[in-house]
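J.: Sequence:
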Amino acid sequence: MIELAIEFDGSCEPRTPSGWMTWAYILNGVGKAGIVIPNPANTNNVAEYMAVGFAIRDAIALMRDKPGEKFSLIIRGDSQLVVNQINRSWQCSKEHLVKLRDRCLELLNSAKMLGLEKWTIEWIPREQNEKADALGREIYLRTTGHKMPERAR
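My numbering puts the last residue of the sequence shown at 140; the count rises by one with no breaks.
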């Protein structure tokens, strides 16, 4: 069985909502990040969902490259809201977050046809999510020319 691992992070700065929204993830050691221009719909939670959604999509691309293999996927992030909503242990009542959560679940379900046998998502403390956080900070700095403020630990 091939094990895939994702660490994800998202943020919205200088304020939420309406700031620059960054998302980043590490998939089996390879990182990707993106940024969205300021918009009233931008929030930390949306950024976190974007990060995990893009990461799952790229994990699926890896699965497609290895037909006939079996996979397990572990997803880790420091957003308790996103982790617990995807796990369905917390209610998701905001329509825009329901759509994002459901899209992640649809992607995970579709991956079963590509050999995904097991997936888990778990919360990790912010200090254990430093690589994904650093990627998001880097793209923010490169795009805006400003350092992202440090968050309280």
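Don't take every hint at face value.
Derived EDC-like pairs: lysine to aspartate or glutamate, alpha-carbon spacing no greater than 20 Å straight-line [what the hints assert, rightly or not]:
hint, residue 1, residue 2
1, K99, E137
2, K99, E(-10)
3, K53, E(-10)
4, K57, E114
5, K57, E93
6, K19, D45
7, K105, D45
8, K19, E(-10)
9, K118, E56
10, K86, D52
11, K19, E125
12, K105, D52
13, K134, E109
14, K99, E56
15, K105, D89
16, K81, E93
17, K105, E137
18, K134, E114
19, K118, E93
20, K99, D89
21, K57, E137
22, K57, E117
23, K19, D52
24, K19, E104
25, K86, E104
26, K105, E93
27, K53, E104
If you anchor each label on the Cβ, the simulated ranges turn out as follows [claimed, not checked]:
hint, residue 1, residue 2, range
28, E56, E93, 39 to 47 Å
29, S5, E56, 19 to 27 Å
30, G132, E104, 39 to 47 Å
31, E109, R129, 24 to 32 Å
I should point out that these hints are in silico values taken from the structure, not numbers from a laboratory.
Since this is a predicted model, take the numbers as computed values, not measurements.
Every residue gets a Cβ at the ideal spot worked out from N, C-alpha and C, and that includes glycine.
J.: Against which earlier hints does the structure fall short, listed by number upward?
T.: Of the numbered hints, 1, 4, 9, 10, 13, 17, 19, 21, 22, 24, 25, 28 and 29 do not hold.
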